[in-house]
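Engineer: Protein sequences, first through last, are from chains A and B. Numbered per the working numbering, the first sequence spans residues 10 to 284. Numbered per the working numbering, the second sequence spans residues 10 to 284.
Hints were generated in silico from the structure; no laboratory data involved. It cannot be assumed that every hint is accurate.
For chains that are exact copies, the list does not tell them apart, and a pair is met inside one copy or across any two.
Claimed, not checked - With a Cα cut of at most 35 angstroms, we get these calculated DSBU-like pairs of lysine-lysine:
1) K188 x K266
2) K142 x K188
3) K147 x K266
4) K190 x K122
5) K12 x K147
6) K206 x K190
7) K206 x K266
8) K206 x K12
9) K147 x K206
10) K266 x K190
Protein chains: 2
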Amino acid sequence: MTKIAFQGERGAFSEDAATRFFGTHIDFLPCAYLRDVFQAVLTEEVPFGMVPVENSQAGSINDTYDLLLSYPLNIFAELILRVHHCLMALPGQSLAEITAVYSHPQALAQCDKFLSQLQVETIPAYDTAGSAKMIKEKHLRDCAAIANSRAADIYGLEVLASGIETNPHNYTRFFAISKQKTRPARENKTSLVFAVKHVSGALYSILGIFAARDINLTKLESRPSRDKPWEYVFYADFEGHVDSEIYRGVIEELREKTTFLRLLGSYPKSEERLA
Amino acid sequence: MTKIAFQGERGAFSEDAATRFFGTHIDFLPCAYLRDVFQAVLTEEVPFGMVPVENSQAGSINDTYDLLLSYPLNIFAELILRVHHCLMALPGQSLAEITAVYSHPQALAQCDKFLSQLQVETIPAYDTAGSAKMIKEKHLRDCAAIANSRAADIYGLEVLASGIETNPHNYTRFFAISKQKTRPARENKTSLVFAVKHVSGALYSILGIFAARDINLTKLESRPSRDKPWEYVFYADFEGHVDSEIYRGVIEELREKTTFLRLLGSYPKSEERLA
């Protein structure tokens, strides 16, 4: 059975993403830290890891990018998943009995409208699925957690309300990482990281390499360098596969115009946003 | 006495930033939520707010950008501050007695080397200064918090170690926000937010508006739109003041080429990175 590493407790959103992509007939390796996911793939303990890279509301997950840079692994696929938040509590409890709600601060913020109608105390916790686990293990009555419905199944909690996120357009983008490379699909994307010396004209000329070939940019983000504050590196995604005809010459031109360049991988574009 | 609003408990990094910019002869309005800071400035309860906008390791603080977009306020100034983390505990405790360390997950991660040498349990908490406050109020013996030295002064804790961050290049950029505008200084920056229809060629042509005038870009970040997932808006900073000669025509050209444009303000460039 294929084993997939992910960060978090059982029932985390990344576990959900893994089952959506690899099917339900898989085995899991839950990891305490994101780094452990990369390490498990590198040492071939598992063939794949599933890591979040970007959320439509919270932005890029920089830790994932740092690890993508430091581990010699490929982006095998991307997956874009709608985030559904559920309120869950010990079986038999009613919504009216709930006085306190635990979850990750971001999940609490994303359900602010629902929570303000409920008039409960909100208690920030380290993790969404971890909050569900805690309610079960400590048998916390009159308390609820916000997590995804998978966490309710795993920890034997009852879902009291679902789809409680304020903004329904809440999506998280995941990368499946692997030592394996994927074959080009009909539609592909390529992710790369580069640095330039003088940001203004230099970035403009880099984008020109792609604009001249009508290659579409789907993401661009400058980020302060970890080592040289306020010097910027760029995270970029472009449509197309780096082995395709249209990319001929792109990498050479990029090497000339950047001070640092790292190709993170070409992979099939997520076919749809999964509900 | 000038009153400055900031988010967090007394002793937060934003409070430190406020004293660095406005001097020590000021009064504070600590706010529970970032939104409250903007609201206090809007309703003229305070003339200024101090908000974090970007950290050299954690990236942009998207909540701040969302609030900058929704409140009709100006960026009055920027301030770039080195982040110094300290380990603090109840007076009389020694480093060897500490068995558990509380702090915000990001602060714990930023001190990972120091903490692994210490061999203590790390306990993620909602806030850095809030962890210091909790140790004092609950009189937690053998526990320490990671926060800035100001928090130790405020809560009567003793600093057991300082400068414990793994990477010394850890800077946070703050904005002072206000209803007031600042006069152009010798060196200025301009922050704006815009959206474009087709990201590839359109962004290239926008950067061309600035490149043609030799205006330097200091930040660029695409971000999924909150309402239309995977359509992107851009956060950008350029050198120069929007009222200056060199910017003549820039705004008109920008309006033509963007589907959305919002000027967040022109303000004096942070003169130095304060240690």
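Engineer: Would you mind marking each hint as holding or not holding in the structure?
Structural biologist: Structure-based check of each hint:
1. K188 x K266: For K188 and K266, the Cα distance is within 35 angstroms only inside one copy (29 angstroms; across copies 42 angstroms).
2. K142 x K188: Intra 32 angstroms, inter 46 angstroms, cutoff 35 angstroms: intra-copy only.
3. K147 x K266: neither (57 angstroms within a copy, 57 angstroms between copies)
4. K190 x K122: between (43 angstroms within a copy, 34 angstroms between copies)
5. K12 x K147: within (30 angstroms within a copy, 44 angstroms between copies)
6. K206 x K190: both (31 angstroms within a copy, 32 angstroms between copies)
7. K206 x K266: This pair counts as both: shortest intra-copy Cα distance 9 angstroms, inter-copy 27 angstroms.
8. K206 x K12: neither (42 angstroms within a copy, 41 angstroms between copies)
9. K147 x K206: The answer is neither: 54 angstroms in one copy and 51 angstroms across copies each exceed 35 angstroms.
10. K266 x K190: within (27 angstroms within a copy, 39 angstroms between copies)
Hints 3, 8 and 9 from the list above are not met by this structure, while the remaining hints are.
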